[in-house]
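Q: Residue numbers (the numbering used here), protein chains in the order written: chain A, 438 to 571; chain B, 128 to 425.
Calculated directly from the structure, the hints in this document are not laboratory data.
Hints may contain errors.
[Claimed, not checked] Below, a sample of chain B positions facing chain A; criterion: calculated Cβ distance under 10 Å:
| # | residue |
| --- | --- |
| 1 | A173 |
| 2 | T178 |
| 3 | A198 |
| 4 | G199 |
| 5 | F260 |
| 6 | E345 |
| 7 | E350 |
| 8 | L357 |
| 9 | A392 |
| 10 | D394 |
[What the hints assert, rightly or not] Take a look, some chain A residues computed to stay more than 10 Å from chain B by CB distance:
| # | residue |
| --- | --- |
| 11 | A451 |
| 12 | V462 |
| 13 | G465 |
| 14 | E467 |
| 15 | A477 |
| 16 | P478 |
| 17 | S481 |
| 18 | E508 |
| 19 | E519 |
| 20 | H550 |
| 21 | K552 |
| 22 | R563 |
| 23 | S567 |
Since this is a predicted model, take the numbers as computed values, not measurements.
Ideal Cβ positions, reconstructed from N, Cα and C, are used throughout, including at glycine.
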Amino acid sequence: MTDTTVLELVSPSALLKSEPVEMVVVPGMEGNFGVLPKHAPMISTIRPGVIDIYAGGKVSERIFVAGGVAEVNPERCTILAEEAVAVSDLKADDAQARLEAADAALKAASTPHDKANAERELEIARAQISALSN
Amino acid sequence: MASLKDLRSRIASVKSTKKITSAMKMVAASKLRRSQDAAEAARPYADRMGTMLGRLAAAVGGSQGAPKLLAGTGKDDVHLLVVFTADRGLCGGFNASIVKAARLKVRALKADGKTVKLICVGRKGADALKREFGDDIVARYTGIEGKKGIDFSAASDVADKILALYDEGEFDVCTIFYNKFVSAISQVVTAQQLVPFAGAEVDEEQEEEATGSSAVYEYEPSEEAILADLLPRNVGVQIFGAMLESSASEHGARMSAMDNATRNAGDMIDRLSIQYNRSRQAQITNELIEIISGAEAL
Chain A
438 MTDTTVLELV SPSALLKSEP VEMVVVPGME GNFGVLPKHA PMISTIRPGV
488 IDIYAGGKVS ERIFVAGGVA EVNPERCTIL AEEAVAVSDL KADDAQARLE
538 AADAALKAAS TPHDKANAER ELEIARAQIS ALSN
Chain B
128 MASLKDLRSR IASVKSTKKI TSAMKMVAAS KLRRSQDAAE AARPYADRMG
178 TMLGRLAAAV GGSQGAPKLL AGTGKDDVHL LVVFTADRGL CGGFNASIVK
228 AARLKVRALK ADGKTVKLIC VGRKGADALK REFGDDIVAR YTGIEGKKGI
278 DFSAASDVAD KILALYDEGE FDVCTIFYNK FVSAISQVVT AQQLVPFAGA
328 EVDEEQEEEA TGSSAVYEYE PSEEAILADL LPRNVGVQIF GAMLESSASE
378 HGARMSAMDN ATRNAGDMID RLSIQYNRSR QAQITNELIE IISGAEAL
């Protein structure tokens, strides 16, 4: 039996996943990082991107997250995601529409607050498109 | 004494009231189940967020670079109260109890010479509070609960407003008032300090167990950067949690209120029926006496 760490993926509205995994790759703010069992404790923010869950040395599941924060300790990896969808459920058209909407919102934004929101939305849409393209 | 016809129509009207209240009870029960599930599903996120923030806050401690949301403004002159009520009535003491708690708090704060600002979420609260504190209400939100339940974006709207006000230095302390859902017949009025971050009540032992050890964490990027990102998000999460709890409580309160109303209507129908039967019987007896005494007179 291989060593496993517990992956917990939580969104504001539900506990999406709580299961042992062999390895998980998380899109951290300062680059992707892989979490194996007995990882040193750390807390990192997450940029929009894809979480890869590994089983048997291969990617078994890919989940898109729109940002959040991850807490890693030797026994578990807890990811608080604002928005999480399986990559297979993402639609290219939706992502494209979101990108365009964000683009328009950015152009229309007048306050710094609106602008920051639109930029974030734009980044999420771009990450979705790139998640779909590979 | 009411005539037979009056009694009949009263019975009919109480019967139709009973039908309405029992239908409302059914609706509330099914909504309750849904919102209770939603409230329970949202708890893990809020819990973990609280634990993580507690750890970060402890790490950053009282250092100079601590964000304002954690350290506060250093004053407590202006208080912002966010009051969560329902949009609709007919739910027993649900709205009244939360409004009463908020009103007492506002009066106490004002007596201490503080300035109070109010944000009302839900129509009933705004209606009840505007009579006394109309000038203090800075924002009101209604129609939070849509067809599909409560959306996180509704909570974000409120959180954005609070954060914007805080950035402008409009208030020093923010407290939220909501009904915490305990069971369908019991809701507890809860006041929770939102800004500055008061720290989640983390059970020490449980905490040790969860982490295995009080290990030193690495932070990527820095503690301050994560805190700056996490604290505003936490406001949104807490508001969302409060909305869900409040909605579950509302449906629970309405369900038990309507259950009572249905039972009362049933009792009333029984009483009116007895009265109706008695007067009908009395009338028949009367008629018989008249006939018999008429026959005897012949």
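Q: Run every hint past the structure and note whether it holds.
A: Evaluated hints:
The interface hint given for A173/B is met, as the beta carbon of that residue sits about 8 Å from the closest beta carbon of chain A, less than 10 Å. Here the hint on T178/B is kept, as its CB sits about 8 Å from the closest CB of chain A, short of 10 Å. A hinted interface residue such as A198/B counts as satisfied when its beta carbon comes closer than 10 Å to some beta carbon of chain A; here the least separation is about 20 Å, so the hint is violated. Because the smallest distance between the Cβ of G199/B and any Cβ of chain A comes to about 22 Å, over 10 Å, the interface hint for this residue is violated.
For F260/B, the suggested interface contact is broken, since its CB lies about 28 Å from the closest CB of chain A, more than 10 Å. For E345/B, the interface hint holds, the least distance from its beta-carbon to any beta-carbon of chain A being 4 Å, beneath 10 Å. This hint holds: E350/B has a C-beta 8 Å from the nearest C-beta of chain A, less than the 10 Å allowed. Hint on L357/B holds. Least Cβ distance to chain A is approximately 6 Å, under the 10 Å limit.
Because the smallest distance between the Cβ of A392/B and any Cβ of chain A comes to about 38 Å, over 10 Å, the interface hint for this residue is violated. Using the Cβ-Cβ criterion of 10 Å, the hint placing D394/B at the interface with chain A is not satisfied: the shortest such distance is roughly 42 Å. Not every beta carbon of chain B lies more than 10 Å from that of A451/A, the smallest distance being close to 4 Å; the non-interface claim is violated. Every beta carbon of chain B lies more than 10 Å from that of V462/A, the smallest distance being close to 15 Å; the non-interface claim holds.
With a cut of 10 Å on Cβ distances, G465/A falls inside the contact zone with chain B, its closest approach being about 6 Å. Distance to chain B contradicts E467/A as a non-interface residue, since its nearest Cβ pair spans about 6 Å, not more than 10 Å. The claim that A477/A lies off the interface is violated: its Cβ sits roughly 6 Å from the closest Cβ of chain B, which falls inside the 10 Å cut-off. Chain B draws P478/A into its interface by the beta-carbon criterion, the shortest separation being 4 Å against a cut-off of 10 Å.
Look at S481/A: its CB is around 4 Å from the nearest CB on chain B, not clear of 10 Å, so calling it non-interface is violated. The claim that E508/A is not at the interface with chain B is violated, since a C-beta of that chain comes within 10 Å of its own (minimum 6 Å). Remark: the non-interface label on E519/A conflicts with the geometry, its nearest Cβ contact in chain B lying 8 Å away (cut-off 10 Å). A beta-carbon of chain B is positioned within 10 Å of the beta-carbon of H550/A; the least distance is around 7 Å.
Even its closest Cβ contact with chain B, about 14 Å, leaves K552/A beyond 10 Å, as expected for a residue assigned away from the interface. Every C-beta of chain B lies more than 10 Å from that of R563/A, the closest at about 19 Å, which supports listing it as non-interface. At the 10 Å boundary, the C-beta of S567/A stays outside the reach of chain B, the nearest C-beta of that chain being 22 Å off.
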